[in-house]
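Engineer: One line per chain: the protein sequences are A and B, in this order. Under the working numbering, the first residue of the first sequence is numbered 1, with each subsequent residue one higher. Under the working numbering, the first residue of the second sequence is numbered 1, with each subsequent residue one higher.
No wet-lab data here; the hints were simulated from the structure. The beta carbon of each residue, even a glycine, is placed where N, CA and C say it ideally should be. A few of these clues could be false.
Stated by the list, open to error - Below, a sample of chain A positions facing chain B; criterion: calculated Cβ distance under 7 Å:
1) Ala11
2) Ala12
3) Gln70
4) Asp71
5) Glu82
6) Ser273
7) Ser274
8) Leu333
9) Glu343
10) Gly383
11) Gly386
12) Thr387
13) Gly407
14) Val509
15) Gly512
16) Lys642
Number of protein chains: 2
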Amino acid sequence: MAQTLTHKLIAAHLVSGQMIPGEEVALRIDQALLQDVLGTLVMLELEAMGVERVVTSPSVQYVDHALVQQDGLNAEAHLFLERACQRLGVIYSGPGNGISHPVHMEYFGRPGESLAGCDSHTPAAGALGMLALGAGGIEIAQAMAGEPLYITMPRVMGIYLEGALPDWVSARDVVLELLRRHGVAGATNCILEYHGPGLAALSVMDRHVIANMGTEMGATSSVFPADEAVRTFLKARGREADFRALSSDAGCRYDLTDHIDLAALEPMIARPSSPDNVVTVREAAGEPLYQAYIGSSGSPGFRDFAIAADIVRGQMVHPGVSLDINPSSRQVLATLAREGYLEALVSAGARLHQAGCNGCIGMGQAPAAGRNSLRTVPRNFPGRSGTLEDSVFLCSAETAAASALAGVITDPRMLGRPAPRIDEPSEMVVDPRMFVAPPEPDTQRPVMLATTHTPALPMLAPLSARIEAPVLLVVGDNISTDDIMPAGSRVLPLWSDVSASAAFTFEAVDKGYAQRAQKSQLGHIIVAGKNYGQGSSRENAALVPRYLGLEAVIAKSFARIHWQNLVSFGVLPLTLCDKNDHQRLVESASVTIEAPGEQLEQGENIKARLADGTAVMLQHQLSARQRAILKAGGVINWLKMKREEGAH
Amino acid sequence: MAQTLTHKLIAAHLVSGQMIPGEEVALRIDQALLQDVLGTLVMLELEAMGVERVVTSPSVQYVDHALVQQDGLNAEAHLFLERACQRLGVIYSGPGNGISHPVHMEYFGRPGESLAGCDSHTPAAGALGMLALGAGGIEIAQAMAGEPLYITMPRVMGIYLEGALPDWVSARDVVLELLRRHGVAGATNCILEYHGPGLAALSVMDRHVIANMGTEMGATSSVFPADEAVRTFLKARGREADFRALSSDAGCRYDLTDHIDLAALEPMIARPSSPDNVVTVREAAGEPLYQAYIGSSGSPGFRDFAIAADIVRGQMVHPGVSLDINPSSRQVLATLAREGYLEALVSAGARLHQAGCNGCIGMGQAPAAGRNSLRTVPRNFPGRSGTLEDSVFLCSAETAAASALAGVITDPRMLGRPAPRIDEPSEMVVDPRMFVAPPEPDTQRPVMLATTHTPALPMLAPLSARIEAPVLLVVGDNISTDDIMPAGSRVLPLWSDVSASAAFTFEAVDKGYAQRAQKSQLGHIIVAGKNYGQGSSRENAALVPRYLGLEAVIAKSFARIHWQNLVSFGVLPLTLCDKNDHQRLVESASVTIEAPGEQLEQGENIKARLADGTAVMLQHQLSARQRAILKAGGVINWLKMKREEGAH
């Protein structure tokens, strides 16, 4: 039967499960990608699991998020990661090499392989014909240890591209148009597979732009064929040998379909403060501008910087506009310098920043409150720029550069000049010596990784024989992982230290929570509304409350990734059989669950008792694997047990 | 009589006073330089003085310090400064244009003119044959308003240079050798004047390196002749018309002399944590390295970056070493890009940062605690890098680059290869459109500058007819202005708001001070030990305590600049006639001074009474001008009175 490329890639990596949408499938993972802010916990998890050498190859630790170094903590984290890489067999890509996603494609991505990364934009590597998946850190740690990665089998949406992009319109406008159509949840549990004659004119980095922002539609991943564009991309980086042609079969059936006539597109822009708040640039034109920001994994290609350079070449940005250039990788930066584009940008008034994620994750370049910032980044969620009352638009490099010159939001077609033509050089600047390769494993017992700033993970106890604990916190609907564990320059440097970050837990929701939890000798329970744990996949939003004694969350419903993270760290995620019972679960109510381990195995229902002896019926939807993990007290314990059993 | 160039420059700008070392002289100021962190207060002071248009020309506001923008406050400050420049007739040099000192030389510096700047490294412009002086913000504001700048007539130290620098030795090594000889206070109340045949081979930016770090010896300024090197420098920037030859007269006499045979120098390095802790690089060689940092006003020349590029070209920095490149100016950055040096640096593993002060003032790039950082910056005071327990060395770009390759501190002569030859291009990238020029003044009443983030300065009352106030704080010796008003990323963005920064006053010394001061209805007095107010010239260390009610400081002795700043903001700086009285001035003792204004005019002694009726005799050393300022309640009131009198 004719297969989609997505099905071929999944089939080639299927360990168990059936390729039926909605079913859990287990996938073999070839390559692993870590970023620094979540990588420290992954390293500690690998150590706690007893892993001596990772099996994914390559596994690469990138340092791209925490580059500001306002005090010594960022540098401590970099040194920790470098040491952990040496010990565990991971390639270290230090600060300055660039953003994980483009750098991984430049040096390591290979058509047909699977990639798992602890960063939500990992699917960008789908541009190379890879099966690239983002997940929580502990799931990546498992994959690196040789375990499969479990995902819900997605539906495949075939997006047929035809025609060619007009002048002044680029890949950013394609994906903004898709966001306009489908919204930020329109591709949930889908993989977006691009096909059709329109692909011919899209380079691999154009496809990266599109695949990257599949994440903003909620997609599990995005997949492009490995065609001549991929061969050209690899050849320019001295890696033609890694090429392998891959495509869907003619006549294959997609679960869902969409269609874009590229020739009919025009410059698009997402208004504040959601990536799907998309209108044409024409509709926003004329609004004043504080900042034009080019870079990030949302716009990492050589051509995006080069076309901006050609637009501003010989001119000067409008007085007072900050044109911020954030090179995506060392390769892109060095090649831009070699080809004269960097001089053009700097001479025209641009601020040139180091290669990395930078302002895209609020690490510098924050705009003034209420002043418009035009960015080529993937997200414009409120406050993500670092400024509480920000006003961030998402657009293409062409629109950002044209607007920087004019001082107001400008459709680049209105510049009244021919569009620059950018040909990516046939040879990029390539030097793999920028990576620190791990040494061959030796037989000596390796030293402990943990340090003062990155202490070992807390040991978690197996599921209690009996839970009797107070409700310490009652929260409403849509509590995000940001509410549970804040980010920002104040807390981010402490993320690698569970005990140090504990004090900030639920800070914006209930300042007293962490202290009450630490005082409670009995452990505790949290009661929540709908969609508990939405947003970022950060696993410390489960681990740290667990460290503070959290035994169960009783919610109206859970966000998918956080639900898995709770299981991974041994916290029972439960819902109510009777929604009316919610009002009985008030703060400081005492909840008793007898023999929870046995109850888990006896069906979906869990019986609890309140202090007055009355019963509350709870529910779970846990697989056998998840129940085993919960009873073991989380993934680390479970995996250690499995490995010890395997050793006998 | 044969004159030194220093005497010629002072004489040409002398408004009043005699050129006798130790006497107060008043100087006419031609040009003004502001940096952003202290510039906001200067703008508010100009507004409070009633100045509608500054008279120095050019007056340039640089934005080079607070570039990180972790939240919206830095950007708010930039916008405030841009608006203030438009209103007051100041040229605005926005973020990305580079560090004030080199940019001012590239575009505005002119031999023979005087320059005053609210930054301690302003004397770097002495490299152009200017009389360039750093001072507190309110003194610069006065100069910009057309008042003279008052300094203590310095002694002139003639430093005779002969010979030529050997390969691998550069201007940094010259000034490090001077620091080794004279120490950090060795040039107090001196101007260092360089002369002799050795000058021929030192470019203007080499001289900038040397003049810049005169500040680290405590010098009032440094002066170089305006010779062919200056003509070449100006010509390469399209400004030959600004050249004017200037030198000392043959046979002139210097108050002090020193002599350096350039040919006898070798690479030098200042060990942690003082700029005068200098040894040869040979003596420090072999120590491991975390970071090599190139940039800042301590090493701003094209050649410093270019030689580092040629040293690392085609190689890769040692694994794990962070080679941080901080371009000093847009001009230098664009020219490095044009000439291929940037590609060489980036390809060899450097991290390229935006043009600005950056890590030199602890704004990013902080090293890990205890790890060696080699920097080409002017200062290595403990913690200045942003890391509390830092280990910062000062050296040349050659030593930093060679060490980055080797991974240990390395004498560049040990590289075993010919030294690169760098010729500065005969045409640099020049584009004055990067500055925002102020519009011509119009007749409309201008709008107020003050905003929420930069509220107007508090109005200060004239000196009280009677002081009766409690001692709210008793401190020991050597209290620095950092102790009084902390910097760092937490407090720095609030410096432009006197009321918001008040809560941090004396934070590290006595957390309760600010609150006690705010509660006291009577105002208050501080009692201190020796050298009160040492360190940075930040004027808010006087203004903010005054805002909190400080009426007098009774100290064993004062640091010179802070003593002037106290006067400028209407606080009486007094010493004890009998040191034994110090022990009677305990916390919460009440001090009464009857008719302080009258007492000031009756001589050096001031009589105070304690609550038990006993007398304490105090002393002042204030000039008539200073007494008038104090009685008016500070410089702003005094100047407004003078201007109103002038108008009649």
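Engineer: Check each numbered hint from earlier against the structure, then list the numbers of those it violates in ascending order.
Structural biologist: 1, 2, 6, 7, 10, 13, 14, 15 and 16
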